[in-house]
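Build out the structure end to end from the sequences listed, making use of the hints.
So the number in the working numbering is just where the residue sits in the sequence shown, counting from 1, plus 225.
Hints listed in this document are in silico derivations from the structure and should not be mistaken for laboratory results.
Note that this is a predicted model, so its numbers are computed, not measured.
Treat the hints with care, since some could be wrong.
Stated by the list, open to error - As a list, the in silico SDA-like pairs of lysine to any residue whose alpha-carbon atoms are at most 25 Å apart:
id, residue 1, residue 2
1, Lys567, Leu542
2, Lys560, Pro478
3, Lys756, Asp771
4, Lys514, Pro486
5, Lys523, Ala541
As the list claims (entries may be wrong) - Pair ranges (Cβ atoms, derived):
id, residue 1, residue 2, range
6, Trp583, Asn507, 15 to 25 Å
7, Asp747, Pro271, 32 to 42 Å
8, Pro566, Gly535, 22 to 32 Å
9, Met792, Ser613, 51 to 61 Å
10, Ala665, Ala413, 27 to 37 Å
11, Phe269, Tyr394, 15 to 25 Å
12, Glu570, Ala541, 46 to 56 Å
13, Gly736, Arg532, 20 to 30 Å
14, Phe587, Ser613, 16 to 26 Å
15, Val787, Gly535, 11 to 21 Å
We put the CB at the ideal spot given by N, CA and C, even for glycine.
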Amino acid sequence: MSEITGAELLLRCLVGEGVRFVFGIPCPEVDPLLAKLEQYEVRFVPVRHEAAAVHMAEGLYKTTGQVAAVLGNPGPGSANLIPGVITARHEGVPVVVITAQHRLGIVYPSSPSTFQGQDQLEVFKPVVKWSGPILSWERIPEVMRIAFREMWIGRPGPIHIEIPAPVMYAMGDDAKVRLLRPDEYRAAGPRPSEAQLEEAARMLAGAKRPIVISGAGVDRAGANEAILAVVELLNCPVIGTIAGRSSVPLDHPNFLNGYGPGADLARRESDVILVVGSRMGNLDIPYDKYWGDPANKKLIQVDIDQRNMGVTRPLALGIVSDAKSALEGLLRMLKTERARPKGGEDTQRYREVARKWWEERFAPVAAWRGPGIHPALAMQTIGKVFGSDSIYVADGGNTSLWAAWFLPSTKPRSYLNILELGMLGTGIPSAIGAKLGNPAREVVCVSGDGAAGFNFMEMQSAAREGLKVRTVVFAEGSWTMEEPNERMLYGRTFGTEMGTVRWDRVAEGLGCQAFYVDRMEDLEAALKGAKGSDGPAVVCLKTNRDANLAIPMELGLRFAEVYQGPMG
226 MSEITGAELL LRCLVGEGVR FVFGIPCPEV DPLLAKLEQY EVRFVPVRHE AAAVHMAEGL
286 YKTTGQVAAV LGNPGPGSAN LIPGVITARH EGVPVVVITA QHRLGIVYPS SPSTFQGQDQ
346 LEVFKPVVKW SGPILSWERI PEVMRIAFRE MWIGRPGPIH IEIPAPVMYA MGDDAKVRLL
406 RPDEYRAAGP RPSEAQLEEA ARMLAGAKRP IVISGAGVDR AGANEAILAV VELLNCPVIG
466 TIAGRSSVPL DHPNFLNGYG PGADLARRES DVILVVGSRM GNLDIPYDKY WGDPANKKLI
526 QVDIDQRNMG VTRPLALGIV SDAKSALEGL LRMLKTERAR PKGGEDTQRY REVARKWWEE
586 RFAPVAAWRG PGIHPALAMQ TIGKVFGSDS IYVADGGNTS LWAAWFLPST KPRSYLNILE
646 LGMLGTGIPS AIGAKLGNPA REVVCVSGDG AAGFNFMEMQ SAAREGLKVR TVVFAEGSWT
706 MEEPNERMLY GRTFGTEMGT VRWDRVAEGL GCQAFYVDRM EDLEAALKGA KGSDGPAVVC
766 LKTNRDANLA IPMELGLRFA EVYQGPMG
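What follows is the structure in structure tokens.
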């Protein structure tokens, strides 16, 4: 029995939920919390901008499954969290957002005289899964349980807690409150019924041309081995979504890239499609021209959230379930049904179509001899130096596309990108979060220079924290992805020129090792130098703008259809 502050009681609740990192900027309203972190073995990572704090929490979660907390000071500090929190909501990333508030006598509501006065609860409600205040010491455990329940219902996401300074500083007897373990107050995620598993197994076992589509939810659920076991039992094609790039190995003999005619043919010819951990959103171009007539096929969708069911394609069977539980149960049921593997001829036919198409469309990359550096060749060299065991974080417009196509296959939970909201500037802070959660692994951020400009200052955070993050900036001084539409419609560009930035020199000023490369033949040595650095390192690449613009027309059309809908 002892007297503890509200801040310490809050911290005990966070630690009980597995929180080991807090990201943010200190202020008097949260000082009692910061003062106790070391005692509870929770690491505080100060940031240069609060939005970056949320992106760090995102990188940590996506690569490890660990949930982190972020802090917002009253007024502007909390407002700065919003871009990161919106991104986390769209990406399905659980984050504990804690905003501080002034003394109770001048808030709820704030009068016009209140310095940094802002109704933060109303600001956050539209962008989080749940938002609420804690107005008394005694209610801290109860409200935290409410918040964590909401965080894990359906698709995970950020929750928001607001705690005024008097509650943080308040003292209370810890014997008067009871802290519960997560399994004492909330159930595990949804599980499939035996009837659902049996029906799905019957469809797949009886299919002539089944295919499997693996989304980011497979990665998040740790269901990577389970989905490959189903694929190998059926010996059918597996298509990774663009967001689920690391959910299945790109070099698996049954793999098909979703953005190509091999996958198109497989989807159109299929009679049963199993989609796991994907909403089949617009990035997956879920149109009949690529997927075929829905009347001629049965679609089984497995997703953690009912709201994601049948959004773009009609279902034959929807299963609301954790992906791992569903796949393991399905594998068991397929064996019970004595499902026989397919001969593999169709898969090889699709892969051959994909191979020929890839070689034809990207022949200019293979033939490139300069001048300058082609982003695709740079990605291949990055993959050669850092290998498939590294964690890759992609940020930017065309840079992210070249990364998706030319970086190597990775381990599960090892390829990060923002593929729903499309937020720029997440790469460097996400890489920092990934490195904190995976200190023994190489973490490489590849970023366009437009994206790098948002949160490049966080490289100083990496230097201060002693984190060996490697950032490669593709620098050509333009918002290159925006140029084609302007040139096509107006014959000129406007607002795309950013000017030259020597990111290596900026990095040196932030305490990082730095390298500048403007010739392809010097790139590998620079990357090896960055890899061998004893702290964070930045490589500034002078890429060729024309090469960056040379996205194959068919792939450019598909990306345009993400925005415009099916064309042609």
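To see whether the hints hold, each was checked on the structure:
no.: 1; hint: Lys567 <-> Leu542; result: holds (22 Å)
no.: 2; hint: Lys560 <-> Pro478; result: holds (22 Å)
no.: 3; hint: Lys756 <-> Asp771; result: violated (29 Å)
no.: 4; hint: Lys514 <-> Pro486; result: holds (11 Å)
no.: 5; hint: Lys523 <-> Ala541; result: holds (5 Å)
no.: 6; hint: Trp583 <-> Asn507: 15 to 25 Å; result: holds (23 Å)
no.: 7; hint: Asp747 <-> Pro271: 32 to 42 Å; result: holds (35 Å)
no.: 8; hint: Pro566 <-> Gly535: 22 to 32 Å; result: holds (29 Å)
no.: 9; hint: Met792 <-> Ser613: 51 to 61 Å; result: violated (36 Å)
no.: 10; hint: Ala665 <-> Ala413: 27 to 37 Å; result: holds (30 Å)
no.: 11; hint: Phe269 <-> Tyr394: 15 to 25 Å; result: holds (18 Å)
no.: 12; hint: Glu570 <-> Ala541: 46 to 56 Å; result: violated (25 Å)
no.: 13; hint: Gly736 <-> Arg532: 20 to 30 Å; result: violated (45 Å)
no.: 14; hint: Phe587 <-> Ser613: 16 to 26 Å; result: holds (20 Å)
no.: 15; hint: Val787 <-> Gly535: 11 to 21 Å; result: holds (20 Å)
When each numbered hint is compared with the structure, violations occur for hints 3, 9, 12, 13.
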